[in-house]
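Mapping of the sequence shown onto UniProt numbering: residues 1 to 262, in sequence order.
Calculated directly from the structure, the hints in this document are not laboratory data. Remember, predicted model here, so these are calculated numbers, not experimental data. All C-beta atoms, glycine included, are put in the ideal place defined by N, C-alpha and C. Nothing false has been slipped in among the hints.
Computed spacing ranges between beta-carbons, pair by pair:
id: 1; residue 1: Asp-159; residue 2: Phe-203; range: 21 to 27 Å
id: 2; residue 1: Gly-123; residue 2: Ala-49; range: 31 to 37 Å
id: 3; residue 1: Phe-203; residue 2: Pro-243; range: 36 to 42 Å
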Amino acid sequence: MVSHPREGWWGLDLVLDYLLIMFRRKHNSHDDQDHAAPQEEKVKELRAAIGPLSGHSLMFSDDACLRRYLVARNWNIDKSKKMLQETLKWRATYKPEEIRWHEVAVEGETGKVYRADFQDREGRSVLVLRPGKQNTSSHDNQLRHLVYLLENAIINLPDSQEQMIWLIDFTGWSLSNSVPIKTARETANILQSHYPERLAAAFLYNPPRIFESFWKSKVQYDHDEFSKLMSKDDVKTASFWKPDEKTTLVAPEPAHFVAQAS
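Turn these sequences into a full structure, and let the hints guide you.
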């Protein structure tokens, strides 16, 4: 048996761990109509717990967002509050909504990660990830490229959807072109800590033997065409996150949300 550098496999293990965590949450969720009323009360409790917000933090922390963080922490108010506050702090520093395509386009030249030009049958955005197409060594820019595309996938979701689909094609992947363990670890941390309940399903094509293959289709990538699409979406992103008079005000009192829910 040929021995392999453990670092490459650890990177894959982090990806697998993240997918398993998302799978278990999905199948252990009690998010159904019978629990709707108690869940809405939990959302109100969490909103009261995090206190007044303004600007982008207020825009980000809508009821659907609070619900995702509650699900990720099994509806525990204190744990959900801590997780959300850490995300708001991260977003205030990292400013993912301000990343533009021209800043990260070099990372996408090989099509290693991109949003597909189709949605699944439920209208969800589809991200295609091809780790075998790794083309740079910049840890920071690789992360910014991924975060940009996560934000882009989310902003292109229809109002009825909160989650995306991943298609992961391992064709051409090897230990020699795998991402460093530092990048894999930080990627997993960002996904788990700051984008909870955003992954509906992940399909793997031609994976290493530690995975089971259940994705049976191939996709094509045109960098120039994708760049045109992302440039248009940058305008959409800037428009979406542009504060107006409502979003620059502090969050209303919890009573306001009670009135809205009724």
